[in-house]
Amino acid sequence: MTKSAEATVNSVINSAAFEEKMTQFVKGLVEAATKEIYASFEKKLDEVTKKNEGELEKLNQQIEKLTGQLKDSNNKLIEFQNNCEELEQYSRRNCLLIAGIKQSDNEETDKIVMGLASKMKIQPPVTVSDIDKSHRLPSGKIIVKFVSRNTRDAIFSKKKTAGENIFITESLTKIRESLLFECRKLKRDKKITQCWSSNGVIKIKLNDDTVVAVKNMEDVNKSVH
Numbered sequence: 331m332t333k334s335a336e337a338t339v340n341s342v343i344n345s346a347a348f349e350e351k352m353t354q355f356v357k358g359l360v361e362a363a364t365k366e367i368y369a370s371f372e373k374k375l376d377e378v379t380k381k382n383e384g385e386l387e388k389l390n391q392q393i394e395k396l397t398g399q400l401k402d403s404n405n406k407l408i409e410f411q412n413n414c415e416e417l418e419q420y421s422r423r424n425c426l427l428i429a430g431i432k433q434s435d436n437e438e439t440d441k442i443v444m445g446l447a448s449k450m451k452i453q454p455p456v457t458v459s460d461i462d463k464s465h466r467l468p469s470g471k472i473i474v475k476f477v478s479r480n481t482r483d484a485i486f487s488k489k490k491t492a493g494e495n496i497f498i499t500e501s502l503t504k505i506r507e508s509l510l511f512e513c514r515k516l517k518r519d520k521k522i523t524q525c526w527s528s529n530g531v532i533k534i535k536l537n538d539d540t541v542v543a544v545k546n547m548e549d550v551n552k553s554v555h
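Numbering-wise (this note's numbering), the sequence shown opens with residue 331 and increments by one.
Read the hints as simulated data drawn from the structure, not as lab findings.
One or more hints might be untrue.
No more than 20 Å apart at the CA atoms, straight line, and that leaves these computed lysine to aspartate or glutamate pairs for DMTMM-like [unchecked claim]:
#1 K388 x E377
#2 K489 x D440
#3 K545 x E409
#4 K533 x E416
#5 K533 x D483
#6 K471 x D435
#7 K471 x D440
#8 K504 x E409
#9 K406 x E418
#10 K489 x E507
#11 K535 x D519
#12 K521 x D549
#13 K475 x E438
Given the sequences, and given the hints that come with them, work out the whole structure.
Okay, structure coming up:
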């Protein structure tokens, strides 16, 4: 290259116009590259997002299915527990609890029950053959199971004649005993007027004299409030 040509090239390179053009050119290249990179990134992000949305939808469907299965299993468990509780209460249908009789050494609870029935003037008289079994509970109460439901009902229907401080009640499952206990608290707080059990069913009398059979506290709260 001649000195004249070199001088011309240097003159062009060092000119403001050339610098401006190069700046614009580089800027154009950067912008084009940036757009291409952004477009590629946006496409990839869209692909990943759609994939994740699909996976999330599948996961939500699985969760919904499992939730339904869990709810169904829980309902079946509750139904099973209720059936077991019903059967337990049914097994107690011939039983009564007697409280208020002082315990003594070498006592025979069958004789105590027969003596109480005689005092209550139960007819026909209760004999040892009418009693399936009886014994003291840790609470001090006597539990007795009669052979016949009729004998049990005859005594329970005259429970108020048992004597002062002697109480005859039905033998209830823990769930029903607990429910009756809560109902007694409501009676104490004057939110109901009476509560009792009849053939294993807990009943409450509201302040307007309406009688309602209840199975749980939800039933009680609906009735009281």
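Of the numbered hints stated previously, which ones are contradicted by the structure, given in increasing order? none
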